[in-house]
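These protein sequence lines map, in sequence, to chains F and X.
The numbering used here puts the first residue of the first sequence at 33, with every later residue one more than the last.
The numbering used here puts the first residue of the second sequence at 33, with every later residue one more than the last.
Please keep in mind that the hints were generated in silico from the structure rather than gathered at the bench.
From the three backbone atoms N, C-alpha and C, an ideal C-beta is built for every residue, glycine too.
Do not rely on the hints blindly, as some may be mistaken.
Result set (DMTMM-like, lysine to aspartate or glutamate): computed pairs, CA atoms no more than 25 Å apart in a straight line [said to hold, decoys possible]:
| no. | chain 1 | residue 1 | chain 2 | residue 2 |
| --- | --- | --- | --- | --- |
| 1 | F | LYS114 | X | ASP329 |
| 2 | X | LYS83 | F | GLU54 |
| 3 | X | LYS114 | F | GLU54 |
| 4 | X | LYS114 | F | ASP338 |
| 5 | F | LYS355 | X | GLU232 |
| 6 | X | LYS235 | X | GLU80 |
| 7 | F | LYS114 | F | GLU54 |
| 8 | F | LYS355 | F | GLU390 |
| 9 | X | LYS83 | F | ASP338 |
| 10 | F | LYS83 | X | GLU80 |
| 11 | X | LYS355 | F | GLU108 |
If you anchor each label on the Cβ, the simulated ranges turn out as follows [to be verified]:
| no. | chain 1 | residue 1 | chain 2 | residue 2 | range |
| --- | --- | --- | --- | --- | --- |
| 12 | F | GLY102 | X | LEU336 | 46 to 54 Å |
| 13 | X | ASN323 | F | SER149 | 18 to 26 Å |
| 14 | F | ARG212 | X | ARG105 | 53 to 61 Å |
| 15 | X | GLU80 | F | ARG212 | 35 to 43 Å |
| 16 | F | GLU390 | X | HIS309 | 50 to 58 Å |
| 17 | X | ILE151 | F | GLN148 | 58 to 66 Å |
Residues per chain, in single letters:
There are 2 protein chains.
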Amino acid sequence: MSEGFHFEVARCDGSARTGAIETPRGKIRTPAFMPVGTAATVKAMRPEAVKALGADIVLANTYHLMLRPGAERIAELGGLHKFMNWPWPILTDSGGFQVMSLAKLRKLDENGVTFQSHIDGARHLLTPERSMEIQDLLGADIQMQFDECVRLPCSEEEARRAMLLSLRWAERSQTAFAARPGRALFGIVQGGASESLRIESAKALMGMGFDGYALGGLAVGEPQEIMLAMIECAMPHLPHEKPRYLMGVGAPDDLLESVRRGIDMFDCVMPTRAGRHGLAYTRLGRLNLRNARHAADPAPVDPLSDCAAARTYSRAYLHHLIKCGEILGMMLLTEINLAYYEGLMERARGAIAAGRFEAFCAETKEAWRGGEARAI
Amino acid sequence: MSEGFHFEVARCDGSARTGAIETPRGKIRTPAFMPVGTAATVKAMRPEAVKALGADIVLANTYHLMLRPGAERIAELGGLHKFMNWPWPILTDSGGFQVMSLAKLRKLDENGVTFQSHIDGARHLLTPERSMEIQDLLGADIQMQFDECVRLPCSEEEARRAMLLSLRWAERSQTAFAARPGRALFGIVQGGASESLRIESAKALMGMGFDGYALGGLAVGEPQEIMLAMIECAMPHLPHEKPRYLMGVGAPDDLLESVRRGIDMFDCVMPTRAGRHGLAYTRLGRLNLRNARHAADPAPVDPLSDCAAARTYSRAYLHHLIKCGEILGMMLLTEINLAYYEGLMERARGAIAAGRFEAFCAETKEAWRGGEARAI
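Extracted from the complex, chain F is given alone in its bound form:
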């Protein structure tokens, strides 16, 4: 494991576990939810406010930053932490996922992916070596191997091809990774919806030895059962003493079910994106504040929330702001949602430490039921 980067499991409860990753930039309490800061900003949030909600680490997107403002530019300006005024840990993805989902005219071969920017059409090449170079220029504390992520459903043959390519790219990523104290490189398990491919991928990556292991290519539209099955089959083949990261997940229920199966880290745009569109995640389930039923409701989003915005502003006001497209509505709902996600992780950590994670899950899910309809 990289010098200065340490993970320790403090307590297990079934397959769920709580612990911490120690890095020179700060401790990441696990299970951890990482807010997504795509273009060097968690949308509609100040960095100090993200930290105050309990986030120990944020994710930034290699694809977006390589296009704007450019990795070399950020390096000249002192690195991503300084650029975005976030002095705490940052994880960067490899760019592979967005190349597949956003870029135009992709051409993939053994070497990497040539694509056109979705912003200005400029041609770019992303390879394992270039992805690692960009992540090093950004100065990310946790860097991800370059991989190919297939859409689900896909054929076993296609999933196998992409998984094997991702393994070869994992080796090249490892070779290209600029090891520096406190910086870690994670491998990514691929294999589509195939248990045998996932197991093969996990074993091969474990053989190479990474600082942590991610599950990629999930939460791309498949049913939750498939995602959970893929977690379950991969887990036994990943080392207990390394962090396990489920990429791009998810809804609050996905988080609980994945923590239950041994996942330590998550990232997802859901709380931030949903907030900008008027959806609130709360103790009592989801609340769609665009709905006309909230137009005259003086109740706050949740009077028992730890988040001042959830206690202070009426649903009627939030409804009004969202209907008018007001930025303040997006700011408040983003904060309410991130506070909910970070609070859920905090309570999950506490429940695991207390050996009552199953009861915690049951209580939490019970409170979600019928949430929106329930009077407060």
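Guided by the hints, dock chain X onto chain F, whose structure is given.
Frame of chain F; chain X shown alone:
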């Protein structure tokens, strides 16, 4: 003057003056700049942050709020202060200006204005009586008479007609005004770009007796000299002991020149709107952060600003955020600009109190010169 609403001039320096309006909801230090909270939110700002920048009062728009969410709705929810979580003073305009600038299919007659909403095309009628009723339902601390605002340039005949109609509407507004302790009603001087019409309007309004006097129909595209001439001719006809409010103004230089001529209150969308479009107002003049010259500039907007955002974030980062359309860019620049405006007013008050307003104006304008090009 309304019970519970008091204005006192503490010190004059030439025609400039500093003092305070006392209301049950708090003190308004003058000269005062009122951030614009059009739809019950100062765009991209939390209310407590607006207050922390030094704003004692915000403006809200009758036209926007009558359409969405509706004045009766806000009253049911406990009034505008509670609705928007701003417990300090609020001034509402009469709706007349936006009816002219935003609404569709306007039809104006002696009674009032029939118009179609720019949002959903619904028909509405705004009269002096309805405007006062709406402002009472909102619960505004300072309410404005209903007036007709003509575009400049316009003929003397047209300006005269609108001014005389506004005087008749001033009387109807005064009759309809629901006097309550601590609530004030201001009259509005009209008369286009004509000195004689402005004087006639000011005298007639003074004869009716209002709690304060505004100058309307200025800063609508005319040169600054005309605006300043209109202020100068009206001032001798307005009572010294009542607040004077220049509506919809303006750029920092307009504020200084108007304070110099005896204006006590201002509102303008400039700092908030310009901020959302990448323009920063600073001690050293305006800075257009969209400009490519800022793309690699590690300097902050102003290292000597009282505003943390102006000292903390690099111009390169703000440039990046604005180019990407990121909400955080709008949030930070709105705050930087409102901080600059409120700080300018605070320093103006201090300079007047110290009897050195002219020197303050000269120093401030000197610092603005060549601002953007200057290295920090």
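Results of checking the hints against the structure:
{"no.": "1", "hint": "LYS114/F / ASP329/X", "in the structure": "holds (13 Å)"}
{"no.": "2", "hint": "LYS83/X / GLU54/F", "in the structure": "violated (39 Å)"}
{"no.": "3", "hint": "LYS114/X / GLU54/F", "in the structure": "violated (45 Å)"}
{"no.": "4", "hint": "LYS114/X / ASP338/F", "in the structure": "holds (21 Å)"}
{"no.": "5", "hint": "LYS355/F / GLU232/X", "in the structure": "violated (44 Å)"}
{"no.": "6", "hint": "LYS235/X / GLU80/X", "in the structure": "violated (39 Å)"}
{"no.": "7", "hint": "LYS114/F / GLU54/F", "in the structure": "holds (20 Å)"}
{"no.": "8", "hint": "LYS355/F / GLU390/F", "in the structure": "violated (39 Å)"}
{"no.": "9", "hint": "LYS83/X / ASP338/F", "in the structure": "holds (23 Å)"}
{"no.": "10", "hint": "LYS83/F / GLU80/X", "in the structure": "holds (20 Å)"}
{"no.": "11", "hint": "LYS355/X / GLU108/F", "in the structure": "holds (19 Å)"}
{"no.": "12", "hint": "GLY102/F / LEU336/X: 46 to 54 Å", "in the structure": "violated (30 Å)"}
{"no.": "13", "hint": "ASN323/X / SER149/F: 18 to 26 Å", "in the structure": "holds (22 Å)"}
{"no.": "14", "hint": "ARG212/F / ARG105/X: 53 to 61 Å", "in the structure": "holds (58 Å)"}
{"no.": "15", "hint": "GLU80/X / ARG212/F: 35 to 43 Å", "in the structure": "holds (41 Å)"}
{"no.": "16", "hint": "GLU390/F / HIS309/X: 50 to 58 Å", "in the structure": "holds (53 Å)"}
{"no.": "17", "hint": "ILE151/X / GLN148/F: 58 to 66 Å", "in the structure": "violated (39 Å)"}
Of the hints listed earlier, those the structure fails to meet are numbers 2, 3, 5, 6, 8, 12 and 17, in rising order.
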